[in-house]
Amino acid sequence: MLTILMNIGQSLRKFRESKNLGQADIAAIVDTSIPTISHWENGRYYPEFPKLIALAEYFNIKVVDLISFGQESKDKISDEEIKLIKKYREAPENIRDSIKLILK
141 MLTILMNIGQ
151 SLRKFRESKN
161 LGQADIAAIV
171 DTSIPTISHW
181 ENGRYYPEFP
191 KLIALAEYFN
201 IKVVDLISFG
211 QESKDKISDE
221 EIKLIKKYRE
231 APENIRDSIK
241 LILK
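Numbered by our numbering, the letters in the sequence shown go through residues 141 to 244 in order.
Derived from the structure by calculation, the hints contain no laboratory data. There could be a bad hint or two in this list.
Cβ-Cβ distance ranges computed for the label pairs, FRET-style [unchecked claim]:
#: 1; residue 1: Ile235; residue 2: Ile207; range: 23 to 33 Å
#: 2; residue 1: Asp171; residue 2: Lys226; range: 35 to 45 Å
#: 3; residue 1: Asn160; residue 2: Val203; range: 20 to 30 Å
#: 4; residue 1: Asn234; residue 2: Tyr185; range: 52 to 62 Å
#: 5; residue 1: Glu230; residue 2: Glu157; range: 34 to 44 Å
Where is the CB? At the ideal position from N, CA and C, for every residue including glycine.
Whenever a hint applies, use it, and build me the whole structure from the sequences.
Spelled out as structure tokens, the structure:
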């Protein structure tokens, strides 16, 4: 449970800062207090599900992105990585062999 609390807090802070918003801005968006936002970001408490939905809608992300920040992010394949994989698959065999040598 503690891991989930910390992930939500880290995630919320990341998304909030990416939009140059303060805790007061987030508090207004989800109709809560500034100390509550601070508690969420510091992992003391976590938002109720309707608040998570409101946050996800505001940031245009999925609720799971708020919950799983820091866990899956290392394992997720980015759009850039997908493009590279496609280019690798389309490359001639000698290029693929060179790439394999570089990555070893």
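Structure-inconsistent hints, enumerated in ascending order | Result: hint 1 breaks, nothing else.
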